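Participant: Each protein sequence line maps, in turn, to chains A and B. Position 176 of the first sequence, counting from 1, maps to 176 under UniProt numbering, and the rest follow consecutively. Position 60 of the second sequence, counting from 1, maps to 60 under UniProt numbering, and the rest follow consecutively.
No lab work stands behind these hints, which were simulated from the structure alone. Fair warning: this is a prediction, and the values are worked out from it, not measured in the lab. Any given hint might turn out to be false.
A few chain B residues that face chain A, going by a derived Cβ cut-off under 8 Å, partial list only [stated by the list, open to error]:
id, residue
1, 42
2, 261
3, 287
4, 290
In this text, a Cβ means the ideal position worked out from N, Cα and C, and glycines have one as well.
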Amino acid sequence: MSGWAVRVEGLHKRYGDKAALDGFDLAVRPGTVHGLLGPNGAGKTTAVRVLATLCRYGGGRAEVAGVDVAREPRRVRGLIGLTGQYAAVDEGLTGRQNLEMFGRLFHLGRRRARSRAGELLERFALTEAADKGVEGYSGGMRRRLDLAASMVLTPRVLFLDEPTTGLDPRGRGEVWDAVRALVADGTTVLLTTQYLEEADRLASRVTVIDRGRAIADDTPEALKNRVGGDRIEVVAADAADLPAVARVVARVCQGEPRTEVGERRVHAPVADRVAALTEVARTLQDDGVPVEDIGLRRPSLDDVFLRLTGEKASA
Amino acid sequence: MSGTGTITPGTVTEGPAARVPPTERPGRAYWAVADCLTLVRRTLTHYARKPVNIVWQLGFPIVSVLLYGYVFGGAMKPPGGGGASDYRDFLMPGMFVMTMAFGFMNSALAVVTDTEKGVTDRFRSMPMAPSALVSGRWVTDLLVAAAELAILALTALAMGWRPDGGLAGGLAGFALLLLLRSCLIWVGVWLGLLVPSVEAAGGLYAVAFPLTMVSSVFVAPSTMPGWLGAVAAWNPVSSTAAAARELFGNPVGSDGSWVQDNAVLMAVVWPLAITAVFLPLAVRRFQRLGR
Chain A
1 MSGWAVRVEG
11 LHKRYGDKAA
21 LDGFDLAVRP
31 GTVHGLLGPN
41 GAGKTTAVRV
51 LATLCRYGGG
61 RAEVAGVDVA
71 REPRRVRGLI
81 GLTGQYAAVD
91 EGLTGRQNLE
101 MFGRLFHLGR
111 RRARSRAGEL
121 LERFALTEAA
131 DKGVEGYSGG
141 MRRRLDLAAS
151 MVLTPRVLFL
161 DEPTTGLDPR
171 GRGEVWDAVR
181 ALVADGTTVL
191 LTTQYLEEAD
201 RLASRVTVID
211 RGRAIADDTP
221 EALKNRVGGD
231 RIEVVAADAA
241 DLPAVARVVA
251 RVCQGEPRTE
261 VGERRVHAPV
271 ADRVAALTEV
281 ARTLQDDGVP
291 VEDIGLRRPS
301 LDDVFLRLTG
311 EKASA
Chain B
1 MSGTGTITPG
11 TVTEGPAARV
21 PPTERPGRAY
31 WAVADCLTLV
41 RRTLTHYARK
51 PVNIVWQLGF
61 PIVSVLLYGY
71 VFGGAMKPPG
81 GGGASDYRDF
91 LMPGMFVMTM
101 AFGFMNSALA
111 VVTDTEKGVT
121 DRFRSMPMAP
131 SALVSGRWVT
141 DLLVAAAELA
151 ILALTALAMG
161 WRPDGGLAGG
171 LAGFALLLLL
181 RSCLIWVGVW
191 LGLLVPSVEA
201 AGGLYAVAFP
211 LTMVSSVFVA
221 PSTMPGWLGA
231 VAAWNPVSST
241 AAAARELFGN
251 PVGSDGSWVQ
261 DNAVLMAVVW
271 PLAITAVFLP
281 LAVRRFQRLG
291 R
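Turn these sequences into a full structure, and let the hints steer you where they fit.
Facilitator: Dropping the structure here:
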């Protein structure tokens, strides 16, 4: 039972007629970043809200750091941090005042709340802006302050609900760095995201959720392998050359090439990536077939995702 | 408590004891008060950082005092006769009441802003006393209301308002004004949890305005058409207005109806009744956030 940072079994939660969670299972290893990946409305946020004691659930079981969420919500609250979809900080206060307030509300006492605020500001690179009002902070700074506020007690489990939604690439990078630093300190992170790239970069394991159920749970690599390995892709300069391109690709690669006429594209699975690429390129040149682009493509988590949810939909 | 200490993140400065949230140590009642005060300090810090905000908040009543006192005031007669300065004596307690009555908008806005920004959820996910979210709002709004009343009273005195109900009467008058504000905090919290967004909360003005104006704040209900006058006379806002006028020793403009003759009693009964209805509603609405 314990040994898991988060353990969820057969969780059910309804909103009116709609099942937000429909037998959801999840197991998160301590000290890791676990991605919870799914489209809008799949149940990611509901799952986090249940685990963060923000809403009750209908059936099943949920434990955080071995503590039952329904039976001992107050104890759970002392073990977790939560960063939701909005930067939940007080805009009318400075960064420091925010962290001191949260420290007091975490019952650290005045002096410890103050020193902890100072530590966190430094750690999240906010010292310079510490005494400025949050209303003047950039999106990335707000997020970092938000993260800092979740870290006041150094939680065992940190829930990050779409932490980079609405951030520019720079802000996103800042948040990613902060998350990596937290995990290096031993905090377990449950990260929900719609961005597959984000899960790929941060998470060591990913649960794919769709319509309130976990439909896959594996490492990002293994998930990608499920959709098949690398593919070679050739874009012909002219649609008329597509059959010639397909012949060359078929000769070099062992898999059946597929042609997408609209995009003037031929692609096929390959085993030895580099050998296949050079061989296809050389043969095309020898045969005098003009091409616009040629390259290797690794399956992205997007492919995995579409494949998994697509399978579900057609089943 | 910290039985399965498998994961121990590194940067806590205070050693292993810091892992256990000290929530339970001094007892729940202590933290209910301490957390409440922390939230009070939070809002007071808003005003300390931007003191001008309280002036903005008072903009409407102050402009109203100037408009009704000087622009329309010459044409207004206080009930029972008298000149413009007598009307001002009649008007000022009404102004205080109106400010208290509109105050529920501040409570509602504060609540809906926190909910919309996710701050309420953050608080709810923390090991703090849940009651502090409600009690903190109540204490804060009462303190702010007291400050508002002080500023308005000084403005009114500067404009020639002359209360002569004595110190006890004056204090009792202000106490009744705060009692009205107190019960409307629960209405505000309830509405703040009911409306979906800060923008939607702006629409509450459309409701607040007639509810406040159809009262004895500006004119005596006896000057209104019969049915409207009856509504105005029984408006809780009117009871507090009449009671405050009586206690401040200003013209009351009584029409001899039972509600007006028992204004002080009704200025206590109404707020208690409103509290009895809306305090449970607000608390229940709050608990429903967890559904």
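Participant: Each hint should be assessed against the structure and marked as holding or not.
Facilitator: Each hint, compared with the structure:
With a least beta-carbon distance of about 5 Å to chain A, the hint placing residue 42 of chain B at the interface is held under the 8 Å criterion. Among the interface hints, the one on residue 261 of chain B is violated; its C-beta lies about 45 Å from the nearest C-beta in chain A, farther than the 8 Å criterion. Interface restraint check: residue 287 of chain B against chain A, minimum CB-CB distance 10 Å, threshold 8 Å, status violated. Because the beta carbon of residue 290 of chain B sits about 5 Å from the nearest beta carbon in chain A, less than 8 Å, this interface hint is met.
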